[in-house]
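Colleague: If you read the sequences in order, they're chains B and U.
Note that the numbering used here has the first sequence beginning at 1, numbered continuously upward.
Note that the numbering used here has the second sequence beginning at 537, numbered continuously upward.
Check before you lean on any hint, since a few could be wrong.
To be verified - With a Cα cut of at most 25 Å, we get these calculated SDA-like pairs of lysine to any residue: (1) B/K363 / U/Q600; (2) B/K217 / B/C32; (3) U/K590 / B/P438; (4) B/K363 / U/P699; (5) B/K455 / U/S666; (6) B/K363 / U/A691; (7) U/K590 / U/A677; (8) B/K307 / U/A694; (9) B/K74 / U/S666; (10) B/K94 / U/A636; (11) B/K94 / U/P699; (12) B/K124 / B/R482; (13) B/K455 / U/G676; (14) B/K94 / U/D611; (15) U/K590 / U/D680; (16) U/K590 / B/L458; (17) B/K363 / U/S666; (18) U/K703 / B/R9; (19) B/K455 / B/Q327.
Unchecked claim - Derived Cβ-Cβ restraints for the label pairs, each shown as a range: (20) B/T137 / U/G569: 54 to 60 Å; (21) B/G357 / U/A694: 54 to 60 Å; (22) B/G15 / U/G597: 55 to 61 Å; (23) B/K186 / U/Q650: 55 to 61 Å; (24) B/K427 / U/Q646: 37 to 43 Å; (25) B/S395 / U/G597: 41 to 47 Å.
Just so you know, these hints were derived from the structure itself, not from any lab.
Don't be surprised by glycine CBs; every beta carbon is placed ideally from N, CA and C.
In case you want the letters, here they are:
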Amino acid sequence: MSQLKDPIREGLARGWKVMGGALAQAPDIIKCDVVIIGSGAGAGVTAELLAKAGLQVVIVEEGPLKSSSDFNQKESEAYPSLYQESAARKTEDKAINILQGRCVGGSTTVNWTSSFRTPGSTLKFWQERFGLGGYTTQALALYFAEVEQRLNITPWLVPPNENNDLLRKGAAKLGIPASAISRNVKGCWNLGSCGLGCPTNAKQSMLVTTIPAALDKGAQLLTETRAERFELANGRVTALLCRSLGAHGGSASGAVKIVARHYVLAGGAINSPAVLLRSQAPDPHGVLGARTFLHPVVMSSSVFAQKVEAWNGAPQTIYSDHFLETQAIDGPIGYKLEAPPLHPVIFASTVPGFGQGQHDLLKSFPYNHTLLALLRDGFHDESRGGQVKLRSDNSAVLDYPLTDYVMEGGRRALLSMMEIQFAAGAKQVLPLHEMAQPYTSWAQARDAVNALPMKPLLTKVVSAHVMGGCGLAGSERQGVTRPDGVHWQLENLSIHDGSLFPTSIGANPQLSVYGMVNRLAQGLAARLSGRSVTLA
Amino acid sequence: MQRRTLLKLGAASAAVLLVAGGAAALLQPGLAGGVLSPSGREVFSGVGRAVLDKTLPADEGARQIALNGLLGRIDVLVQALPHHAQGELSQLLALLASAAGRRALAGLNQPWHQASVADIQQSLQDMRLSGLALRQQAYGALHDITAGAYFSDPASWALLGYPGPMKI
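Please work from the sequences and hints to get the whole structure.
Modeller: The structure is reproduced here in structure tokens:
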């Protein structure tokens, strides 16, 4: 256990109003000004701003409250306690594994800190295709600057670890531009364990920034409490019905009813649309839960002569947007390249095959360098994303068909990554596909990948970026949410999370959520309280 | 557990299910009380031997201890899965533990505990590259759970050359 200070335990000792789980039991009925569902990127920013405006805020989080004292950098504890479905959430056909947070702080507690403003090309597409004329780079710049200051988002000036430096070197040899990634950290120890919960509180997640700020201003937090559905009447939400969860989120017990003036849904894409589906919210144009995007990720694994130790040091500090910027946004699908960290469980379950071949790859772990490509989905007729649905037990599932258009982008991305890895000096390269073999030359790898059937379940596809499903649009025919963040049919409900995005972002989305929600929440605070507030 | 849930594993799997016997509800569940049942343990013992063949200790006694450790860690992993995922896994294991299901889904003639490593590896390879989504999905679940659970134990990290997290 860490010997460092734990701001969460200190806050609890100071008298924060936190209930649920092993803490005090929540009452049957709670009344407040605003209830916020979720505690991740959108919820955190909203909670701080509304609490600052003097509003009584209640935050409802399905996952547990864990903090630096609990974060021991072990996957065997982090995945079950901090991730949706124990880090094994899958799309309906099991072809894509989704990493999404489920704890106080949401995905910001477990993400890899990569911070990008929303690309201008993405915003331009939204202006032109979704009637979002107010979503310009210029209009959002102030709101991004405020959250960048609040969360200490700055360029990472420490030299990249070997894992990231190989991306830089390989790309440079091929004349492909690559740059440094900004990170939301303060006094980072360069441990490389961001994905398992930051044990030093260096990562400026919602867990250690906005949520504590809101709690210090008197907000209440209900942990291990699931938002089940809204009660609706006459175009308004009249109550939120929640349920306290047992230790493993399975056995449901106490019901909690929350009555508020205004409701903010920020449970993340997949879960936010699911709350509305369970509530049988009006959806006159059949757009709820549709256009859910994932940045489907394909990967290429490689082995170097020298040690890489991809678990060691800040993850994802170098990226290349070359394959996003060199083609039309609505042409063949583009992709962003990054170098993910590797830890034993995620590495071993990703290494394909079994027996001798698998054993050799497992033993290469310290020498392994993997690249990933985020495919920019949602900008083409053949990339309409997925649909959130409810299972018979009312849990959420995403049906995301991987179209040929997307998968052919996956093939091009595998080729690009393999070429970069060979240029950086890789001894062998293995694209993550069930029919691929380790290849020892670029020509051999290129010919093999050109012949692979790029099919779901054969090609390894993962995602850590879930977006859309409650899309913003300038007209109710095109989306669930108005440009000011309010639901088109429910006047006292706002949606403040990544489910707002009408396409994928084309970059790691956390800063896009922070920045856009910063603007929406300032507007909401002013409407509800008459006060003008900003993040500290 | 609903037969309906299993069907959701993939529409293309209907043929396999018919062959495997419409009486899925009569099969012994692969999970009991949130952990592997005896039939679930039998399937994962066989899969563990095949997937981790070169990774498990060569000595038979040590190999058995390592396999028992794997099954214990799979129990821990399974307990953390949501209800719907436990239900699907339980049904998958129930099918694979039945003679008809084992033949139809895995293409394995002998029971898991009698089959050779080579035979189970051949079955896994057939599932892996199958044209039927259900067989591919089954391979993915068996492979990922086995490999992930095995390396969740710090005692396994020496093989990976992983020193463990930095002390702070």
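Colleague: With reference to the structure, classify each hint as holding or not holding.
Modeller: Consistency of the hints with the structure:
Distance check on the hinted pair: B/K363 and U/Q600 sit about 22 Å apart at the alpha-carbon level, within 25 Å; holds. For the proposed pair B/K217 and B/C32, the alpha carbon gap of about 14 Å is at most 25 Å, so the pair holds. Between U/K590 and B/P438, the direct Cα distance comes to roughly 18 Å. Compliance with the 25 Å bound is thereby established for this hinted pair. Among the hinted pairs, B/K363 with U/P699 is consistent with the structure: their alpha-carbon atoms are about 13 Å apart, no more than 25 Å.
With a C-alpha separation of about 12 Å, the suggested pair B/K455 and U/S666 falls inside the 25 Å cut-off, and the hint holds. For the hint linking B/K363 to U/A691, the alpha-carbon distance of about 15 Å falls within 25 Å, and the restraint holds. As the CA atoms of U/K590 and U/A677 are separated by approximately 20 Å, the hinted pair is consistent with the 25 Å bound. The straight-line distance between the Cα atoms of B/K307 and U/A694 is roughly 15 Å, inside the 25 Å bound, and the hint therefore holds.
With a C-alpha separation of about 35 Å, the suggested pairing of B/K74 with U/S666 is violated against the 25 Å cut-off. Only pairs whose Cα atoms come within 25 Å are accepted, and B/K94 paired with U/A636 is accepted, the gap being roughly 24 Å. With a C-alpha separation of about 32 Å, the suggested pairing of B/K94 with U/P699 is violated against the 25 Å cut-off. A threshold of 25 Å between alpha carbons decides the hint, and for B/K124 with B/R482 the separation of about 17 Å falls inside it, so the pair holds.
The hinted pair formed by B/K455 and U/G676 meets the criterion: a straight-line CA distance of about 14 Å does not exceed 25 Å. About 21 Å separates the Cα atoms of B/K94 and U/D611, which keeps this hinted pair within 25 Å; it holds. Using a Cα cut-off of 25 Å, the hinted pair U/K590 and U/D680 holds, with the two alpha carbons roughly 17 Å apart. Between U/K590 and B/L458 the CA atoms are separated by roughly 24 Å; this keeps the pair inside 25 Å, and the hint holds.
Distance restraint check for B/K363 and U/S666: the Cα-Cα separation of roughly 28 Å exceeds the 25 Å cut-off, and the hinted pair is therefore not satisfied. Simply put, U/K703 and B/R9 have alpha-carbon atoms about 21 Å apart, close enough for the 25 Å limit, and the pair holds. Our distance criterion of 25 Å between C-alpha atoms is met by B/K455 and B/Q327, whose separation comes to about 24 Å. Between B/T137 and U/G569, the C-beta spacing of about 56 Å keeps the proposed range 54 to 60 Å intact.
Checking the proposed 54 to 60 Å range against B/G357 and U/A694 shows it is violated: the Cβ atoms sit about 20 Å from each other. Here the CB-CB span from B/G15 to U/G597 is close to 56 Å, well matched to the stated 55 to 61 Å. A hinted range of 55 to 61 Å for the beta carbons of B/K186 and U/Q650 is consistent with their spacing of about 59 Å. The beta-carbon spacing between B/K427 and U/Q646, approximately 39 Å, falls within the hinted interval of 37 to 43 Å.
Roughly 43 Å separates the CB atoms of B/S395 and U/G597, a value that falls within the hinted 41 to 47 Å.
When held up to the earlier numbered hints, the structure conflicts with 9, 11, 17 and 21 and fits the remainder.
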